[in-house]
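Q: Protein chains in written order, with numbering that gives the first Met the number 0: chain E, 0 to 339; chain Z, 0 to 291; chain H, 0 to 236.
No lab work stands behind these hints: they were computed from the structure. Just to be clear, a hint being listed does not mean it is correct.
To be verified - Quick look at which bits of chain H chain Z covers, simulated, 3 or more residues with Cβ under 8 Å:
hint: 1; stretch: 62 to 75
hint: 2; stretch: 100 to 106
hint: 3; stretch: 200 to 207
Quantities reported herein were computed from a predicted structural model and do not represent experimental measurements. We put the CB at the ideal spot given by N, CA and C, even for glycine.
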Amino acid sequence: MNRISAVLSGPVAARSARFAFVVLLFVLPFVQPPDRNFQLTMVFVYSVAILGLTVLTGASGQISLAQATFLGIGAYCAGVTTVVWKWPLWAGLVAAAVVPFVVGYLVGVLAARLNGLYLALVTVTIAIVFIPLVKRFDGLTGGANGLVVPQPQPPAGLGLATDQWHYLIVLVLTLACWRIGRGILGGRVGRALYASQDNALVAVAMGVDVPFVKATAFAWCGGLAGVAGGMYVIAVGFLSPESFSLLLSVGLLAGMAVGGVGRAAGAVLGAVYIQFVPVYTQEISSSLAGIIYGASLILVILLLPGGLASVPRLLRVDVRASRPDIHPQAGERPREAADG
Amino acid sequence: MLFLQQITDGVATGAIYASIGLALVLIFRSTGIANFAQGEMAMFSTFVAWQLIAWGLPVPVAALVAVAFAFVVGAATERFVVRPAEGGSHLNTVILTFGLYLVFNEFAALIWHSTPLSFPTLAPERVWSVGGWRMTSSMVVMVGALVVESLAVYLLLRRTTLGLWMRASAANPESSALVGIDVKRMLMLGWGLAGVFGAIAGILIAPRVFLEPNMMSGILLYAFAAVILGGLDSVLGAVVGGVLIGVIENLVGTYVTVIGPDLKVVVPLVVIVLVLMLRPAGLFGAVERVRV
Amino acid sequence: MLTCCRLGASYGRAEVLRGIDLTVEPGQVSVVLGANGAGKTTLLRALSGMIPVSGAIRFAGEDVTRLTAPAMTRRGMAHVPQGRGTFSEFTVHENLLLGAATRRRRRAEVAEDLDRMYATFPPLLERREQTASTLSGGEQQMLAVCRALMSRPRLLLLDEPSLGLAPQVTAKLFETLGGLNRDLGMALLVVEQNAALALEIAHYAVVLETGRIVLEGEADVVARDDGLRAAYLGGGG
């Protein structure tokens with residue numbers, strides 16, 4: 000009896016459960032109606048965006064109100080390169096990942112010198128400036144009218160519907176991002192991130208280049224959001240600047256707060272939250288979803304001891320539990336005030 | 000003449016930024032946090048004014064009632080939403096204000112929908128023209144409101160006992176409690192007053208930009224740029240910063256063609272980044288510790 | 000005038016004070032002694048309403064257990080915290096004005112009291128418009144005491160008033176405190192590390208150790224206690 004329970008709760012069981020879950024994900028599109036497939040595809044998109052936020056806020060304790068902006072940058076990179084410059088889709092996706100990664104790094108260089116409040120302000124500003132900028136360069140971006148991006152068609156002979164094909168591409172990309180995300184959070188980079196947040200002086204003493212590490216966190220956050228943007232293009236096929244607003248950024252934050260606390264996989268929970276709340280509240284009012292996001296964000300902050308700052312503490316517990324070979328070097332007690 | 004026009008227009012819009020900026024400074028000085036929902040709260044109060052006017056109240060009366068409403072909402076927000084988060088990190092409280100941002104914004108959209116509404120000026124508009132230079136009565140009112148507000152804040156904080164208590168509560172809440180000051184009431188007062196200034200700014204700017212839920216998000220940005228430029232804890236900084244930003248914005252929008260009127264919003268971004276990199280305390284602020 | 004019964008206080012799960020029974024009579028100087036960490040500061044914070052407590056506190060015949068600090072100050076208990084709690088960025092004058100926060104409506108009386116403070120402590124008058132942080136340690140302590148006096152308290156709580164002060168300044172300070180008690184009949188509850196000086200002006204003494212009272216009695220009796228002398232007065236002599 001004991002051995003069975005030991006096996007059931009051990010790492011082998013966990014890994015088998017994850018494997019089974021992934022297999023289930025691949026099977027789902029064939030048993031669900033197209034609109035459900037689309038919704039799930041969007042869940043994957045948002046989950047990668049929230050994963051990026053988790054790396055930034057969770058691991059390195061920085062705040063960004065511009066995650067939707069990075070999503071938009073990635074989406075427009077993929078869209079513009081494939082539509083205007085006729086690049087192949089895979090190249091567009093690479094652009095979608097690389098450009099926000101670089102922009103994120105630049106923002107991160109600045110961010111490393113700012114405390115929480117000022118960083119929030121700078122990212123809000125970026126978020127607000129993005130929309131008129133996109134509209135201004137309407138030659139490239141289609142401006143306020145938006146940009147139609149031809150979506151990939153399933154190869155002939157496979158018998159797949161377009162929604163299923165999109166679902167599968169996005170799923171594969173999501174799994175790849177997840178692998179990357181876990182690698183960041185669990186590996187040497189992750190340890191450096193936690194160290195730089197926990198006790199900057201200790202980190203510096205250990206040779207961790209804190210500003211560089213923080214900037215890298217921003218880069219990863221942006222890069223992941225960018226990939227999510229590329230996935231958005233595949234799933235939706237249409238880009239409009241208003242879709243990547245500050246309201247969406249706050250929504251992503253709410254998603255991370257509601258779902259992302261306690262486990263890295265919470266990004267998926269958060270994405271489900273963001274995607275499905277509007278589906279159910281749409282009939283009552285299109286604004287109800289936003290009210291719920293805002294209220295849930297407030298409630299999480301008020302009810303969770305330590306608010307979002309406890310996310311890193313809880314995250315670290317989760318990562319360490321699954322990778323016992325990792326020991327964050329900056330001490331056991333996480334710092335309460337993440338704004339410095 | 001065009002230049003002079005741009006300056007005057009800039010001063011008038013700058014007065015609006017400075018009014019919101021005053022609200023931001025009030026809250027920052029009394030509670031140490033930056034309220035990102037300030038603009039949305041102002042917008043909501045402006046909608047309330049609109050509703051009262053739609054129900055038949057004369058414009059000045061509706062404005063007064065809406066301003067009183069803003070005071071109550073501000074104080075209540077502090078009491079029921081912000082205060083429970085006290086003791087947590089400031090970053091958490093800042094994120095909290097984003098939650099409030101969403102709630103106020105979407106709640107307004109829920110009640111009044113998103114089609115832009117027209118909003119009347121407080122008094123019938125009068126225009127004076129000297130040569131090619133145009134000055135409207137609403138511009139005068141905007142600047143006048145700013146002058147009155149900043150004088151009021153200055154006198155309140157520096158010359159009254161109540162202001163002394165508010166400053167003391169912000170600087171040293173523990174000692175303030177020990178001398179018998181009800182610190183919690185001071186905090187509510189600070190937020191209530193900030194709500195008042197926000198509502199006044201909203202009511203004054205609405206005739207120009209049309210009333211809709213996203214009316215204030217751009218303006219909030221300018222207001223933040225104004226207080227960053229002037230110093231987050233400085234009343235004088237908010238006024239000077241606001242006017243400067245208004246003027247710079249207008250001049251850039253008119254004379255720097257590559258930016259033009261639709262990209263004017265780049266101005267606050269540049270100002271914020273420059274100030275934070277070169278002199279984070281702003282023109283008149285006390286030097287703040289920036290994170291290692 | 001002040002009685003507490005089975006008073007207890009905790010920080011989180013750490014119980015810092017246990018079963019404290021203490022009485023301060025009107026016009027009496029009581030001194031609380033003990034090593035660092037014994038709970039002396041916590042005791043004062045508990046009495047003045049700064050932290051939640053278990054047990055009961057009665058002040059001037061009223062049950063004040065659940066009252067917060069501003070309410071206690073309004074009832075006549077003033078607390079000068081450890082480190083003086085000066086409003087450091089405010090002027091001397093503003094500090095004193097703040098002390099009178101509970102007497103807002105009695106402007107004439109407050110003005111009179113201000114004049115009296117300045118008359119009794121000329122250095123404060125000299126530095127009236129100076130920022131409090133520019134004052135010397137002794138002057139800041141004087142300012143803190145005057146600030147507390149501005150609320151016309153019946154009982155004054157002082158937490159380690161001699162901390163960081165030079166010996167002559169401390170001596171003068173205790174002289175002043177003794178004078179307050181003699182001339183105004185003000186009750187004092189003083190927490191001190193400097194046992195010798197405190198015992199000189201005290202009527203009653205209490206010794207705390209790890210949150211409990213281990214010794215109490217008339218000040219001169221306690222001063223002669225051998226255990227106390229060994230622990231706090233440097234033994235012998």
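Q: For every hint, state whether the structure bears it out.
A: Results of checking the hints against the structure:
1. 62 to 75: Answer holds; 5 residues pass the 8 Å Cβ test.
2. 100 to 106: holds (count 3)
3. 200 to 207: violated (count 0)
Hint compliance for this structure: hint 3 alone is broken.
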